[in-house]
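J.: Since chain A is already given, all that's left is putting chains B, C and D on it; use the hints.
Residue numbers (this note's numbering), protein chains in the order written: chain A, 1 to 296; chain B, 1 to 296; chain C, 1 to 296; chain D, 1 to 296.
Please note that a few of the clues may not be correct.
[To be verified] Here are a few chain D residues that sit away from chain A, every Cβ distance over 12 Å (derived from the structure):
#, residue
1, Phe30
2, Ala62
3, Ala203
4, Ser229
5, His268
6, Gln285
[Said to hold, decoys possible] Computed footprint of chain A on chain B, listed as stretches where at least three residues anywhere in the stretch have a Cβ under 8 Å from a Cβ of chain A:
#, stretch
7, 60-71
8, 85-92
These aren't lab readings, by the way, just hints derived from the structure by calculation.
Beta carbons are placed, not taken as given, at the ideal position from N, Cα and C, and that holds for glycine.
Next come the chains, spelled out residue by residue.
Protein chains: 4
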Amino acid sequence: MTKTTLAGIIAYTVTPFSNNDEQINLAALFVLIDKLIDSGVDAIAALGSAGEGAYLDDDEWALVALQTVKHVKGRVPVMIGIAELTTKKAVSRAIFANEIGADAIMVSPFSYYRLSEDEIYDHYAAVSAAISIPIMIYNNPATCGVDMSPEFMLNMVENIENATMIKESTGDIQRMRSLQRLSNGTVPFFNGCNYIALDALNAGATGWCTAAPCLIDDLPKQLFDAVRSDALVKAKVLFEKQLPLLEFIVKGGLASTVKAGLEIKGIHAGLARRPLKPLTDESKQTLESILLKVAE
Amino acid sequence: MTKTTLAGIIAYTVTPFSNNDEQINLAALFVLIDKLIDSGVDAIAALGSAGEGAYLDDDEWALVALQTVKHVKGRVPVMIGIAELTTKKAVSRAIFANEIGADAIMVSPFSYYRLSEDEIYDHYAAVSAAISIPIMIYNNPATCGVDMSPEFMLNMVENIENATMIKESTGDIQRMRSLQRLSNGTVPFFNGCNYIALDALNAGATGWCTAAPCLIDDLPKQLFDAVRSDALVKAKVLFEKQLPLLEFIVKGGLASTVKAGLEIKGIHAGLARRPLKPLTDESKQTLESILLKVAE
Amino acid sequence: MTKTTLAGIIAYTVTPFSNNDEQINLAALFVLIDKLIDSGVDAIAALGSAGEGAYLDDDEWALVALQTVKHVKGRVPVMIGIAELTTKKAVSRAIFANEIGADAIMVSPFSYYRLSEDEIYDHYAAVSAAISIPIMIYNNPATCGVDMSPEFMLNMVENIENATMIKESTGDIQRMRSLQRLSNGTVPFFNGCNYIALDALNAGATGWCTAAPCLIDDLPKQLFDAVRSDALVKAKVLFEKQLPLLEFIVKGGLASTVKAGLEIKGIHAGLARRPLKPLTDESKQTLESILLKVAE
Amino acid sequence: MTKTTLAGIIAYTVTPFSNNDEQINLAALFVLIDKLIDSGVDAIAALGSAGEGAYLDDDEWALVALQTVKHVKGRVPVMIGIAELTTKKAVSRAIFANEIGADAIMVSPFSYYRLSEDEIYDHYAAVSAAISIPIMIYNNPATCGVDMSPEFMLNMVENIENATMIKESTGDIQRMRSLQRLSNGTVPFFNGCNYIALDALNAGATGWCTAAPCLIDDLPKQLFDAVRSDALVKAKVLFEKQLPLLEFIVKGGLASTVKAGLEIKGIHAGLARRPLKPLTDESKQTLESILLKVAE
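This is chain A alone, in the form it adopts within the complex:
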């Protein structure tokens, strides 16, 4: 079993659709993947929140996972997002991701019923037992309805074989510091909340999971490198520059806003799937002006 360790900028793809929100547009996905790799990202992550993983049917999900791995072709590691309601489904998707050659999976519990820590623990343990690639434990109560504490997630990393990384998306900077301190810096943790990226990296985050490179290319990577090389002032300037975009895509909904931005940049990613609505014309104009300003 290889324990790939991810670091740096983990770039999240959207899942482009054609015919509004209907068919998967693989051609557009490939264009996007190439663009991301060209801009220097350290890994590609498919089927996360930006990728509408939860909104795809089984065939679509499998297709996007498979074609992402095949098209990336080892240029960078590929991580596949898995947020399933049942353990059975999470396990079967994890096995699929492992089989097709994904380098890692990102797993979040997704709740309909309230879940206990015991139930969540066993969910991860069952996934881990079925595969031989690393799991990034993903905490995002806003989408998944489950909030896992730093202590609990570190406990899973210690005791569940393939659970080796943590992604924290609550936006609470204190949790980043707790992950760092409670593990003495031995457990890689990633920031999943775009607008606290600078603070999270300063707090020791191993990387930043973000869809922003879809729209602003290597700016996130430049920020990561600046922090890593202790160029604080430069990092601040870089962060301030991209912050309006980061805030906009979080506030407006990742899938819808990134897709609208790609359209502006000439990549036909289509619309986010309903019930999500496309951006209003006013929002599109705001986004356009933010993108223009960032590009200056």
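T.: Below, chains B, C and D alone, put in the same frame as chain A:
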């Protein structure tokens, strides 16, 4: 288009499994349905929270919906629960329910991304446009991550053709009173929070959506009848009698507790599907003693 | 030590001011007290939320407490509200209330720092040890920043000598039922959330703590009596009649709305103290029309 | 009118008591003030959360304010904390602070009734109109029950003459960045949440309001200086060093923990006032070991 109006006790079935949480056990489902109808319930609802609708795969879901309608065979109306992440899936399941002869569907938005009222409205409108049976709008933020106000739900009832009923499960008695008052009693609303059943019926609820009849037969129906006939003291006594059971099944998780209770009563409903865990032995004993006491 | 037991309608006075929000207007207070007693309330409570107890300086507070007891002159029991940040102050005010002849005190913790149950327990125990009149434990997280569970409050009633009654103001009907059930109906508990009054009385509340009689005279008492005599239908009608007023005074802020209502009814209670603002003209008109309708 | 601008480390004093929590111990207060000034703090703030301002009676409050100003004697600016329930009291205390020569006041709304933005605005405006020294707008929902948005506070700074500074204590790093960005860096804002100090300073905070210097002398100042001189690595090391202490005093309650720590360091500050309880022996030992480690 017929506008079936439901009222009284809407009894929710669990989805029995055999081999722990693996295969659907239709035989046990049929036994349960017959038992419920024998105990005088006014309607059968499949694939709600008690029925692990969210935890079934597509084939299983369709099978349970179809076999429920077929086995009930018109003895009472059948309602099918639909809680889908995408509008597309909600529509296709609604059409299926309509085609197989369900009398109504209960639809709740289910959120991964935060949804606006506009998005939720269009979700319901799309479902309505595809069918010719009534929709019960279902508000349950605890499971579905979306909280709809009485005002918003009444607005949908007014404007969306097949949206004719409301089910409120927050347990906030004030919302029941608001639904009653804001609609001048013209919109049927149902209580979905077991432990406030008496207060909700007193506040004018048209009915009570509950899995409790699976375990305590006609006690819920007796309570409903007592309130309807203004037998306040009798209603209080009946409610106090069943309250420990109602609290237990809400607190312990509907699917797991009702299945454990059915096992105690000799109906082999199996376990709730993982990540849900079965009741501990201690909890089972508590449930057993509650059931004994209610039966006195 | 006499353990006065309160029951029925506990009517809360406002603290009338003259010169806008400046001086205490005792004459208006006396008019109000007489009017309340004339309308058949079972007790008078001064210096609660309606009475701006927290907004008075020491001299004013003592004056209102003393003059209320003197003016009521034993016609009905008098309860004095005490919501203090420090134990020292709560104790000294409790002693004062006891000395001037109050029949009971209503005590709520008031938090600046987060308080533990241990700290709250000792706060009540210290107050109890200093007096010989009953304490009503008052839970109102919305104003006091502390939320006490039914279990914790019942534990205090069991162990702290003068703590004999509970007032619950969260509006969660389930807590009423818990107080009733956990104490087997042996601990008197009062409803402090106006708009759930009917449900609370149905759930066994010993009484209703309310400022509503200031504006709608004996309607709350009529409701109480109807529930006590199991006249459910009559109770419903009475409740629906006063509900718009009850909702209005809670939503708009007790002190401001009741004072505005008194003004409409010809009692010059002045304004609530700043930072509270008086009602807008539009709100006053709404209140006026609600009062007209209730009086029909 | 002079607009003193504060910056750097604003050190908060506790209010030492003798005889447990009874009398003010001015001698101990003076020792503490001298120690803080010796350790290089940029200003002294009395009667904040650490100073139990809300727990003092009128005479005590005035005494501490007056004696702090007199003892500091212009060595550094003095700020006085004002958190009052009524506008009248806030105004009279503001006038007092102005009269005795305080350089600034820190004002927070303190809610019993829910307050609207209009009410809060007028509260600040009334205070401002009565004085000629700067006001630091203080947002701390955890203690004061009111949460003011960055936008609202900046609006007050723009429109209320003496409102010139903001202190944010929610611990939400994103609000710091919003204050910086929305004001283009023109409005001085301060961090009031100890454990996010590094991130807040990195986000552009003008200073750090903290009681930590009472226990760890110039470490907060060293951190501030490191960030100001862009010594990121040094700043991180300094922050990690003091973080356990910062977390301990926030988690355990500022007043109680800082007083316990002063006792360990030989300054007899007594106990925090009841209902607050002193630290357990176990907590004291934890604190002692944290202090030993920081001092290494």
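J.: All hints, please: hold or fail.
T.: Hint check results:
Consistency note on D/Phe30: stated as away from chain A, and its beta-carbon is indeed over 12 Å from all of that chain's, at 35 Å minimum. Distance check on D/Ala62: its Cβ is at least 37 Å (rounded) from any Cβ of chain A, clearing the 12 Å threshold; non-interface status holds. D/Ala203, annotated as away from the interface, has a beta carbon of chain A within 12 Å; the closest lies near 7 Å. The Cβ of D/Ser229 sits about 10 Å from the closest Cβ of chain A, inside the 12 Å cut-off, so the non-interface label is violated.
For D/His268, the non-interface assignment is confirmed: its Cβ lies about 33 Å from the closest Cβ of chain A, beyond the 12 Å cut-off. The claim that D/Gln285 is not at the interface with chain A holds, since no C-beta of that chain comes within 12 Å of its own (minimum 20 Å). Under the rule that three or more residues need a Cβ within less than 8 Å of chain A, the assignment of the stretch 60-71 of chain B is violated, with 0 such residues. Remark: the stretch 85-92 of chain B is confirmed as covered by chain A, as 5 of its residues place a Cβ nearer than 8 Å to a Cβ of that chain, reaching the required three.
Violation of the numbered hints given earlier is confined to hints 3, 4 and 7; the remaining hints are satisfied by the structure.
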